[in-house]
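Undergrad: Chains as they are written, first to last, in the working numbering: chain A, 1 to 345; chain B, 346 to 638.
Each hint should be verified, as a subset may be incorrect.
To be verified - Calculated lysine to any residue pairs in the SDA-like style (CA-CA distance at most 25 Å, straight line):
(1) A/155 x B/352
(2) B/352 x B/388
(3) A/94 x B/518
(4) A/154 x B/512
(5) A/337 x B/405
(6) B/558 x A/146
(7) B/577 x B/595
(8) B/566 x A/334
(9) A/94 x B/521
(10) A/314 x B/514
(11) A/94 x B/632
(12) A/146 x B/545
(13) A/94 x B/564
(14) A/94 x B/512
(15) A/299 x B/594
(16) A/155 x B/514
(17) A/299 x B/525
(18) A/154 x B/509
(19) A/337 x B/593
(20) A/316 x B/584
Everything labelled a hint here was simulated from the structure, so no lab data went into it.
What follows is each chain in one-letter form.
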Amino acid sequence: MKHQRIIVTDPTLRDGSHACSHQISVEQIRRYATAAEAAGVDYLEVGHGNGLGASSLQVGLSLVPEREMLATARACLKQTGLSVHVMPGFATAKREIANAIEVGVDLFRVGSHCTEADLTQRHISYVRNAGKEAWGVLMMTHMASKEVLLEESKKMQSYGAQGIMLMDSAGAAVPDDVKQKIGLLAEKLEVPVGFHAHNNLGLSVANSLAALEVGARILDGTARGFGAGAGNAPLELIVAAMQRLGYSCRADLYKVLDAGELAEELFAENLPVSNSITIVSGLAGVFSGFAKPVQRAAKQMGVDPRDVFVELGKRKVVGGQEDLILEVASELAARQKPVADGKPR
Amino acid sequence: MQPTPEKMKVAIVGTGNIGTDLLMKVLRSPWLECRLFAGRNLSSPGMMKADQMGVPVSGKGIQGIVQRRTEFDLVFDATSAEDHKRHAVILAELGLLAVDLTPAKVGKMCVPAVNLEECLEAQNVNMVSCGGQASIPLAFAIASVNQDIEYIETVSSIASRSAGPATRINLDEYLATTENGLAAFSRGTPTKAILNLNPAQPCVHMQTTVLAKIKNPDLEKTRAAVAAIVRKIQDYVPGYQLIVPPLIESNRLAVMVRVEGRGDYMPKYAGNLDIINCAAIAIAEAHARRNRP
Numbered sequence: 001m002k003h004q005r006i007i008v009t010d011p012t013l014r015d016g017s018h019a020c021s022h023q024i025s026v027e028q029i030r031r032y033a034t035a036a037e038a039a040g041v042d043y044l045e046v047g048h049g050n051g052l053g054a055s056s057l058q059v060g061l062s063l064v065p066e067r068e069m070l071a072t073a074r075a076c077l078k079q080t081g082l083s084v085h086v087m088p089g090f091a092t093a094k095r096e097i098a099n100a101i102e103v104g105v106d107l108f109r110v111g112s113h114c115t116e117a118d119l120t121q122r123h124i125s126y127v128r129n130a131g132k133e134a135w136g137v138l139m140m141t142h143m144a145s146k147e148v149l150l151e152e153s154k155k156m157q158s159y160g161a162q163g164i165m166l167m168d169s170a171g172a173a174v175p176d177d178v179k180q181k182i183g184l185l186a187e188k189l190e191v192p193v194g195f196h197a198h199n200n201l202g203l204s205v206a207n208s209l210a211a212l213e214v215g216a217r218i219l220d221g222t223a224r225g226f227g228a229g230a231g232n233a234p235l236e237l238i239v240a241a242m243q244r245l246g247y248s249c250r251a252d253l254y255k256v257l258d259a260g261e262l263a264e265e266l267f268a269e270n271l272p273v274s275n276s277i278t279i280v281s282g283l284a285g286v287f288s289g290f291a292k293p294v295q296r297a298a299k300q301m302g303v304d305p306r307d308v309f310v311e312l313g314k315r316k317v318v319g320g321q322e323d324l325i326l327e328v329a330s331e332l333a334a335r336q337k338p339v340a341d342g343k344p345r
Numbered sequence: 346m347q348p349t350p351e352k353m354k355v356a357i358v359g360t361g362n363i364g365t366d367l368l369m370k371v372l373r374s375p376w377l378e379c380r381l382f383a384g385r386n387l388s389s390p391g392m393m394k395a396d397q398m399g400v401p402v403s404g405k406g407i408q409g410i411v412q413r414r415t416e417f418d419l420v421f422d423a424t425s426a427e428d429h430k431r432h433a434v435i436l437a438e439l440g441l442l443a444v445d446l447t448p449a450k451v452g453k454m455c456v457p458a459v460n461l462e463e464c465l466e467a468q469n470v471n472m473v474s475c476g477g478q479a480s481i482p483l484a485f486a487i488a489s490v491n492q493d494i495e496y497i498e499t500v501s502s503i504a505s506r507s508a509g510p511a512t513r514i515n516l517d518e519y520l521a522t523t524e525n526g527l528a529a530f531s532r533g534t535p536t537k538a539i540l541n542l543n544p545a546q547p548c549v550h551m552q553t554t555v556l557a558k559i560k561n562p563d564l565e566k567t568r569a570a571v572a573a574i575v576r577k578i579q580d581y582v583p584g585y586q587l588i589v590p591p592l593i594e595s596n597r598l599a600v601m602v603r604v605e606g607r608g609d610y611m612p613k614y615a616g617n618l619d620i621i622n623c624a625a626i627a628i629a630e631a632h633a634r635r636n637r638p
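The following block holds chain B by itself, in its conformation from the complex (with noise of 0.2 Å):
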């Protein structure tokens, strides 16, 4: 595709999964152009296949970027919570717009459905988590037409294979980030995170329940604002499907989304990565808009 000059320019910065599947989203998007693939090996699988593509690559991570700051506005953080946080200093100081997709939790949480345009003011944002991705919009929803809710759970299951090392060390990470993020869009509401892992193969794709204690559920309405946001959610990603609309059952509200994958980079199962990335692409691609005269 021949690049327009009206698209965004960008940068990835880390070229593992996360990275190589936002890549691919970025050269599909009509809004985007990926100037600079960055990392710190240029054997890797990712990196060949950027060059492959033709995308310019470099080896030097962050050190690239700075390099080559004229060349991009925004910059896509795809490396880990430790190196963010060094990067998110360089990038503020080049100017650059940041899009978070570690659990640094360094610049404002952006969930697409539910504070896309207040995310546009910020300089960094942070994705918060692939559970946090799926299952804030629904808590959202849910606390938009409830009062008295006492509690919000979120169960994600996965499937092995789409965890990585680092997912699998960073455990109690994802579970407080996902924590927290529910906490901030619910009103505060007491929450907790649960992951789960599952070996099945064929491999399952990602499910997402939300759980509630609410005083007086309104049913009605709460099915209404669900249904709502999820096709918001489905407006940048596709694969998002709700599979058990909200019901009560044993005093609970539940409420289950299933995540199909575009099978970018990642197998279709991975929905967990996919719609992480998804939402990156979408606060990217309103930025764009946005500054297109």
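Isolated chain A, as found in the complex (with noise of 0.2 Å):
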């Protein structure tokens, strides 16, 4: 398989919102759009952390409007293809699907969670009938079964998706899990396959070099890992293994490490460390880009952030489903009462 060009996908732009609590800015947009292009990444994918119409109150507003956003990027890029996500559910095809187009966007990653395949069916004809190219997105993948993955991505695959991608989202896979999910998906479809890592446990690099060793053919990768929680597998850190290991892609070393290193220095206060907090969420099996808003309701309801991922993990929240953090803190916090009123639990 190894004589096959691997297509690699930057989300820095995307998953990246979920480390900055979405404010990425139009100059932090127009810098790294150029330096992607330069690095010859296939496609750079750029928005809101949880894709079209998902700025709002439940997931965090977008500082710059998504129709900015995009045409901020559009205009830096020529030969990398301009991406988004798509969740249904948050966004529709007739409003933000439509916008995105006239924008001139390229690639739709329509994802649903990983049960929930047939939510994307209206979305991805809608792309496909306008002439635009989409892939299906599997999320939390950690939470279905390879054989249940490959039913939902056949369904995907049936819409009209020219691509599929599991995402680790919450970083609970390890190698074997990836290989066993990856490898059959690659065996039984009929398009291409890819991996899109979380780094919550340290091994975002080796469940993406164990995905391609069963056959992926795209992978996700961010500067400096700049993503959700612990982050994503570092763009800068794919490509050179991909490099030693003999697998090609368009991108070219040294200027995924430029962009790396711009990278290092537009997102200098929020690229993603691997903390306490984030082991236990990926431990929980929880979003990865439920940190942030953990973190802040845990704060003002005086409760324990990793007790939160714990409960969280327990009731297998899936994402989009924010709001839960705060019912969850707020009884955590009740929970807390008795004891500073010095009665026994």
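If you follow the hints, you should be able to join the two separate chains into one complex; please do so.
TA: Structure representation (structure tokens):
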């Protein structure tokens, strides 16, 4: 499989939105998009962390309106395609997708929770009917077996998806999980399969390489890992590792390294790090995008953010259910009260 | 139960989950009597259940209603938005009251805790959406005691198993209908609706959050207004519970409810189906009460 060129997608300006509470500026988009074009990544993904139409009180309001974010990136890209993330339930076809098509988006990565692929049917067909490229994205893939993932991705393929991404949205996978799941899909699907890692357990690069080993043809990586929670697989590390292992891609290593240095400068205050919260989040299997909102709510209500993650994990929350953070944090706070009053638990 | 002459006679068209659950609620109502359960498939699970329970059934859909039009005064439509657009014309010509549970948006939007009285004057009422029934009263309560509301948002999470194929394919319409409803009942404030499906087992109950951006929120008055409207909703949706009373976090006002269904036809977790049906029953019973001599 090594002779086949690997497609490199770079969601720095989309997943990174989570890392800075959706405060990416026009200037940051302009400068990073220019660097990504020079680096030769196949696609650059831009927008709110939860994709089109997700700027909200629920997940966080974007600093820059969606259309302006996309138009800014569009103006900087020539060879590199412009991509967006789409979650039905947040984004509608006639409003957000139509708008993005108008701005000149090339690729729509339409995602759902890993067991709910049928939600993407309308949106994928809409994109394909408009003559644009659509991929299917299954999120939180640690929550489903490989058989279920195959069944769900086959649905997306039947709706017209031209690629399938498995996202380890919680950073909960280990290389053996990735090999089993990606391996089965790569064998059974007609369209290329890709992997999107999170680094909660420090395994983002290992998991990405495991995916390549069993036939993944698309990899997501972000500059300096700029993404939700503990961040993604760092783009510069996966491109370097691919060079070391003999996989070819369009991206130029030195220019990718330059993009990484730029990201370090642009996003200095919010570069993801591994810490006790992101580790517990990964073990609990909670959506990485919950990191910042959990920290805020836990602080306000005086509870341990790690307990919030453990409880959210027990409830099997999915991406988009950020409101449950408030419920869980208030509940934990209420449980603590008797102790503060000196009464027994 | 022996039908009494004072009961208002109704028919249901549409025999899927919504229609069948609605039938169970009509059968329990002291004010309503179901004279016809009409659909297109006499062997559907809902139809067989109705037949077993001795409810008159018809496999001719809306034609069944037309044929027996003199036997009832009100028709619940639990078919589809497309079908209701046709049915609405027919029902209006027949002079029958229509309670529309589809997102067809033909009739007057009806949220019993907010505008029951006004809706009694309308021949056709639309029950908005499940998320709308859960969130609109909260948005209305918030808007009644706060000035300068910049924006209102609602997020509902429902169990995957409570969302059938029609709900899934019509997700965009659900969002638009809910947003329109929220805006209409909160003085035209910009709104957004979000829906999450959660596949967790055991199935999660329907939960709805309302989030608002308000310049100077009056938390105390908001808490009182929300508590009052929650009690009003509980009169017709017994499983409606306030789980997070209004609070301010990250510059937003948030309030959360959970809806446990009555478990009539769908399991208890499907509060989303229960609440829209409870609301439909509430408006029908209000007509029955008003008409009783």
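Undergrad: Does the alpha-carbon distance linking residue 155 of chain A and residue 514 of chain B stay inside the 25 Å limit?
TA: Given pair residue 155 of chain A, residue 514 of chain B holds - Cα atoms ~14 Å apart, limit 25 Å.
Undergrad: With a cut-off of 25 Å on the C-alpha distance, tell me whether residue 337 of chain A and residue 593 of chain B pass.
TA: Distance ~19 Å between residue 337 of chain A and residue 593 of chain B Cα, so the pair holds.
Undergrad: Decide if the proposed pair is consistent with the structure: residue 577 of chain B and residue 595 of chain B, CA atoms, cutoff 25 Å inclusive.
TA: The hint is violated at about 29 Å.
Undergrad: Checking one constraint from the list: CA of residue 566 of chain B to CA of residue 334 of chain A, max 25 Å. Satisfied?
TA: holds, 22 Å
Undergrad: Assess, step by step, whether the Cα of residue 155 of chain A is no farther than 25 Å from the Cα of residue 352 of chain B, and give holds or violated.
TA: The given pair, whose Cα atoms are some 49 Å apart, is violated under the 25 Å limit.
Undergrad: Hey, residue 316 of chain A versus residue 584 of chain B, does the alpha-carbon distance stay inside 25 Å?
TA: holds, 23 Å
Undergrad: If you draw a straight line from the CA of residue 299 of chain A to the CA of residue 525 of chain B, is it 25 Å or shorter?
TA: Distance ~35 Å between residue 299 of chain A and residue 525 of chain B Cα, so the pair is violated.
Undergrad: Is the hinted pair residue 558 of chain B and residue 146 of chain A satisfied, with a Cα-Cα distance of at most 25 Å?
TA: violated, 42 Å
Undergrad: Below or equal to 25 Å on CA atoms is what counts here, so check residue 94 of chain A against residue 521 of chain B.
TA: holds, 11 Å
Undergrad: Run the distance test for residue 314 of chain A versus residue 514 of chain B: straight-line Cα separation, threshold 25 Å.
TA: Roughly 29 Å between the alpha carbons, so the hint for residue 314 of chain A and residue 514 of chain B is violated.
Undergrad: Taken at face value, is the distance from the CA of residue 512 of chain B to the CA of residue 94 of chain A at most 25 Å?
TA: holds, 17 Å
Undergrad: If you draw a straight line from the CA of residue 94 of chain A to the CA of residue 518 of chain B, is it 25 Å or shorter?
TA: Holds, at about 10 Å.
Violation of the numbered hints given earlier is confined to hints 1, 2, 5, 6, 7, 10, 11, 13 and 17; the remaining hints are satisfied by the structure.
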